[in-house]
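Spelled out, the chains give:
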Amino acid sequence: MTTLTLALAQINTRLGDVAANLDKHVAWAADARSRGADLILFPELSLTGYMLQDLASSVALRPTPDQPTLRRLLQASRELDIVAGFVEQDEAHRLFISSAYLSLGEIVHIHRKLYLPTYGLFQDGRFFGLGSTARAFPTRFGRMGLLICEDFWHVSPPYVLWLDGAELLLCASASPGRGLQPEGELESARWVESISHAYAQLFSVFVAQTNRVGLEDGLTFWGGASVHAPDGRRRAQGPYFEEALTLAEVDLSEVARVRGRLPLLRDERPDLIVRELDRLQRSGPA
Amino acid sequence: MTPPAPSLEIDPELARRILTDFIRTEIQRAGFARGVVALSGGVDSALACVLAAEALGPQNVLALRLPSRTSPPDSLEDAEAVIRATGVLARTFPISDAAEPLMHSVPEADRVRRGNILARLRMIVLYDQSAEFGGLVVGTGNKTEVLLGYTTLYGDSACALNPLGDLYKTQVRQLARHVGVPQAILAKAPSADLWPGQTDEGELGFTYADVDRLLYLLIDERRTPEEAVAAGFQRSFIEAVLERIRRSQYKRMQPPIAKLSNRTIGYDFLYMRDWGT
Numbered sequence: 001m002t003t004l005t006l007a008l009a010q011i012n013t014r015l016g017d018v019a020a021n022l023d024k025h026v027a028w029a030a031d032a033r034s035r036g037a038d039l040i041l042f043p044e045l046s047l048t049g050y051m052l053q054d055l056a057s058s059v060a061l062r063p064t065p066d067q068p069t070l071r072r073l074l075q076a077s078r079e080l081d082i083v084a085g086f087v088e089q090d091e092a093h094r095l096f097i098s099s100a101y102l103s104l105g106e107i108v109h110i111h112r113k114l115y116l117p118t119y120g121l122f123q124d125g126r127f128f129g130l131g132s133t134a135r136a137f138p139t140r141f142g143r144m145g146l147l148i149c150e151d152f153w154h155v156s157p158p159y160v161l162w163l164d165g166a167e168l169l170l171c172a173s174a175s176p177g178r179g180l181q182p183e184g185e186l187e188s189a190r191w192v193e194s195i196s197h198a199y200a201q202l203f204s205v206f207v208a209q210t211n212r213v214g215l216e217d218g219l220t221f222w223g224g225a226s227v228h229a230p231d232g233r234r235r236a237q238g239p240y241f242e243e244a245l246t247l248a249e250v251d252l253s254e255v256a257r258v259r260g261r262l263p264l265l266r267d268e269r270p271d272l273i274v275r276e277l278d279r280l281q282r283s284g285p286a
Numbered sequence: 001m002t003p004p005a006p007s008l009e010i011d012p013e014l015a016r017r018i019l020t021d022f023i024r025t026e027i028q029r030a031g032f033a034r035g036v037v038a039l040s041g042g043v044d045s046a047l048a049c050v051l052a053a054e055a056l057g058p059q060n061v062l063a064l065r066l067p068s069r070t071s072p073p074d075s076l077e078d079a080e081a082v083i084r085a086t087g088v089l090a091r092t093f094p095i096s097d098a099a100e101p102l103m104h105s106v107p108e109a110d111r112v113r114r115g116n117i118l119a120r121l122r123m124i125v126l127y128d129q130s131a132e133f134g135g136l137v138v139g140t141g142n143k144t145e146v147l148l149g150y151t152t153l154y155g156d157s158a159c160a161l162n163p164l165g166d167l168y169k170t171q172v173r174q175l176a177r178h179v180g181v182p183q184a185i186l187a188k189a190p191s192a193d194l195w196p197g198q199t200d201e202g203e204l205g206f207t208y209a210d211v212d213r214l215l216y217l218l219i220d221e222r223r224t225p226e227e228a229v230a231a232g233f234q235r236s237f238i239e240a241v242l243e244r245i246r247r248s249q250y251k252r253m254q255p256p257i258a259k260l261s262n263r264t265i266g267y268d269f270l271y272m273r274d275w276g277t
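So the protein lines, in turn, are chains A and B. The working numbering numbers the first residue of the first sequence as 1 and each following residue consecutively. The working numbering numbers the first residue of the second sequence as 1 and each following residue consecutively.
Errors might be hidden in some of the hints.
To be verified - Here are some, though not all, of the chain A residues that point toward chain B, as calculated from beta-carbon distances under 8 Å:
#	residue
1	ALA19
2	LEU215
3	PHE241
4	LEU245
No wet-lab data here; the hints were simulated from the structure. Note that the Cβ used here is the ideal one computed from N, Cα and C, for glycine as well.
Chain B extracted, bound-state conformation (with noise of 0.2 Å):
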């Protein structure tokens, strides 16, 4: 039977209540009342930083534009915007300086892994910064590209808290309109800004449209891949999506620990983060 067309449409009034709170609530129960936001010109650290000023104040909230000398320019002035219409504090600190030593000492690195070094580069400015302002870091990362792992591991997924984790592309892009994120954010295409040129589509090979729809299916629906065929997706595309969403298991995990004990962190030593709060 053919499964009906997933619907990711949300209630964005809901989401924004439910995200403002969880922001709120745990970095106060981690005994904080900021937070820190990496804002690159995109619409996911455009809806991050939106809910952080709403949840916390403008005036507790940090966000830092950390531009390489690739960055496009309209992603600072797009990042620009944002931090004027919500009125949060903001630094820039170009990360090239930095970057430029490390990269000249490896000369053979390709383009991912010069990619990662400067997700890297802005996660040590970011948790740095996060010191300096007394805040926790609000993450940007959402559903599609967790699941994807089109994420750099220890770069641009480090925060101490992911508003957005439960939200695919396509809802995060919902919400966004919904809370007033600049035209110009929400129609450009979606960049890691890892090198020039990069579009996320282009480097994944599809589009956040029709993958967002097949992950709902598969993951949220927890149809089979056969109900997906039937649903009208390629067969080698629903295979890709589930080696990647299978190979990338590590990023969304904790290193495993190897058992020798009786009781284990991860395995046996269970406790919430937020445990006597």
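Chain A on its own, in the form it takes in the complex (with noise of 0.2 Å):
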């Protein structure tokens, strides 16, 4: 099974109340199912808020299928495959910000932010540690990548997911909108657009990311969830600044299609950039 439908959910959250948000997610994914859909992507700590800053350990959870939070969310992954954000608490009481992807009661893979902004507005190097693993990750639909955030302003992790076999890409994000220009979109939003747009050309894939909505005091997360296609094209579009389920047909064999007339992974040369890379950490530039 190549196609899928896919919910990008771009939800407001309540900032610590994971009881609240919780019910959100589980009355979100009921709709989606009935709306036909395989898959629904939450935003960035989805669970939790964003801005947490010393609610941080107060609404972390062990990652166990008997923890209450998680089991009622797998309990709700038999119905369709859910990707949800929350505060990750490791056998060390180490905090991450991370995102799990559920499929039919099971937790199939847990990515942790691998990048933690601490420029700008951004604190989450403060609170929170690094995850160290890039990887993609087999689903009953195809193989996937699973970012946040800032780990996809980067270009290493899409890079490392695409030679790791990904054909979707999942992004869940909590952008506060910043850079207001004279005319159009934020200049955050345009950003995530067209990184999303190259996202998906470059690495012929698909591209699909979700962002939240709604405020935190001052800081406005401004929505606009999005599927790109291998070739570039855009096929799903959601609003910006209010709450909205959008949908989006994707069919992975798409991929395959492209990649044969385009055998841009094929072609790529890995080797060549451990060479480089080993010689730039050992000697810096040349």
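Using the hints, build the complex out of the two chains.
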């Protein structure tokens, strides 16, 4: 089965109120299923809210099947696959910004955010630890890669997931709007849309991204979920600033067709990249 | 290299959308549905009033006119035009009767001290009326005056939320024009109304048009003073503005707490205001 209906959930969240956010996840997942969705993608930290600061430890969870919040989501994942964002606590009590891919009652994959921004308004690196792996993973539809917000602003994680065989990149964001321009979109919205478009073309993959809406103090999250196809065309676009469930039909066999005529992955030279990166690591720019 | 001429232009409809969402959401999350605005007859408070009326519904906004005996009469009329245009509720409280005993007790006070007394009396009435009305105080301070410290601490700067604090005065004017603030208000010289004949630009010694372009370069674009010189600004002007910003940093912060414990408010006790909502 390579065709799926993807549901991009751009929700508002309650800051630090996991119970309320969990109820919303379950309700939106049921709604998405009733509209024919096979997979619902929730934004970064969708179970907790974004600017947690000192709330981080009190909303953290250990991702085990019997953890109560996760158990309810795993139950819902028997109906459709779910990607949800949460604060993960490991055995050593370290905290991570994570997103989990859940399917048929199982935890298929957990991604820990790799790049924690601390510039401008961001404080992620102050409160959370760095994830250390970028891995594609098999799903019942095909091979996917999961990234969280800032991971996607760096070219390396999508590049690695591409080489690791991902055909659909899922990106979960909590992107505060900034950069009011004379006309049109916010600078942050324009940026995410242009890199989604670029990655879809550069890596011949589907790129689906969703971003939350609502406010936290003076920060406004802009929504604007989108899906880009391997030919670079936009297949779906959610509204700005309001909650919405945006559906998109995705046929992963398109990846093979595009790569057949444009074999960028076949011709990619990871050996060259490894050699040059190794040189740069050892001795810096020549 | 000469930086390009800064564009202070904004998409006014997008700004309106974000700011009305901000006013509505942040007031509701605090458990309220209503807002109170001190309406001076100037462009900042006119814009704040229009946005609050759009965000909350005019029946949920109370506009307060707080004139002193030295306020120009057209201020009241201009405020009245905003009240009529928006349909908000309104009350007028002349503040001179309350101010005078205090002024008599400090005859040596110069006009700045007297002006600050007026600004803080307005704040007292505003907060008292916000309790009576059951609404939060919507601020009117713009980015230019906040950066320059051209405000009275605990006076006109006092508010529960500030929708205009990331808009330079030039941008406030653009947005005010877009949302239909009356022409008479857009056209007149900005004034803090702290003594007769006072104008902001007269007191500051430069125009908003100039200082906004400079602030945009230095703050938003993070340009160096040398780059601002290359862009055509006088070095003395740049230095005076930078010094104003530095000296007024205290007005933009909560008073510092001396750290003693392992966990101190402001340093390592960190929560958003919207915590739990």
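Hints, verified against the model:
no. : hint   : verdict
1   : ALA19  : 11 Å, violated
2   : LEU215 : 5 Å, holds
3   : PHE241 : 6 Å, holds
4   : LEU245 : 20 Å, violated
In this structure, the hints that do not hold are numbers 1 and 4, in rising order.
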